[in-house]
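With my numbering, the residue at position 290 of the sequence shown is 290, and numbering never jumps.
To be clear, the hints were calculated from the coordinates, so they are not data collected in a lab.
All values derive from a computational prediction rather than experimental measurement.
We put the CB at the ideal spot given by N, CA and C, even for glycine.
Among these hints, one or two may not hold up.
As the list claims (entries may be wrong) - If you anchor each label on the Cβ, the simulated ranges turn out as follows: (1) 197 x 22: 29 to 35 Å; (2) 220 x 322: 47 to 53 Å; (3) 322 x 237: 49 to 55 Å.
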Amino acid sequence: MKKFTLLLLLMICFLFQANAINLPANPTSNNGSGGFLQLTTNSSPITVTSFNTMYSSTAGTSVTVQIYSRSGAYAGFTASNAGWTLIGTVTTNSAGTTTVAPLNVASLNINLAASTTTSFYLHATTAGGGIRYFGTGTVSMTNFSDANVALFTDVARTGNVAFGGTSFTPRAFTGSIDYNLSIVIPMCPTLTAAAPAVTVVNSACGANCSVTTGTITAPTGTCPTGSTLQYSTNGGGSWNTTLPTYNQTGPAQTVMTRCNCNIDTNISSPSSSVTTAPSGCPLPSAPSITITNNVCPSTTGALLLPGCGAGTVLEYTTSSNGPWTTTASSLINVAFTVFARCRNTTSGCLSTTSSANTAPTICPVCPNVRAAAPPCSGNKQLLQYQLYSKLPAS
């Protein structure tokens, strides 16, 4: 049950406060009033919970302190409240001039982001209860640091009015600072929405029977911060971050996308998918040629070619090199080869070429027998007479 509770906390929380850490500054003081501090964080954010310091009033005396802050270094900004924000006023009890007393500021939520510099000005408004500093008559320590934060302090002001009185330097903060280290626990983002899909422009058959180029473009949308866009072209069997290349000649591709959590690759968003439809340039079917040769004495030869179908036109030639025409050749009494093909009128794609040979028969020509016969000659009459004269008498 404890393991489950810890896991649940890790899933629903992203900020963890470590145990309080104390950054010591100058351990003693030798004069007093308000002072300036500059905190620079390292790679982790922190939350300041207490400024622990000494006060001029006797132990047990109530002291009211104003806390101002500004982004960046305080150098050049210690004489005016311009650019400063009063983030809170806190009351504490003095522990005397030589003993550190806590100034609890946890209620002010002083959260400092990683790798930032923030300045603070602590000013006691209670008469006689000014914040003590170190540096009178000796060189004060102005720089303190640990693994998470660096403290710089070298200016203090006297008087009961904030940013009033006289400025002294080097004068440094005495005591210490308590803070919590804020550890960010990375989490998967919310991945309930489907991942953005790729954009596909399919290839198509264009003019001159040429195929236009198909493309796959990365999604215009993005995955939530903390996740990475991935692609799959094998139905989710494997995933990678490389945008697939369009298969121009097919087969079709189904491109899937998903958003995959960076810290836990077992967690992904619902996938999106787009399927390509590459288009080649289909060729028309070749025409079949039927030749009926002539038969003497009266059958006429014929050339028969079926149509090529919708969107195409039938073309002929008697030479394999063209030119091509849509007018069929007439059969004549000379043998020749006829070539035919189908052409798509939109794409210009051509079928394979069909061919056939004619074999006409040369029929003999009959003489003109419709004219009157010519008269007989004298020799023919003589021959006829001679034939009749030799016939026996009856």
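Verification of the supplied hints:
1. 197 x 22: 29 to 35 Å: Given a distance of about 54 Å, which is not inside 29 to 35 Å, the answer is violated.
2. 220 x 322: 47 to 53 Å: For residue 322 against residue 220, whose Cβ atoms are near 50 Å apart, the range 47 to 53 Å holds.
3. 322 x 237: 49 to 55 Å: Cβ of residue 322 to Cβ of residue 237: about 52 Å, so the range 49 to 55 Å holds.
Violated hint: 1 only; the structure is consistent with all others.
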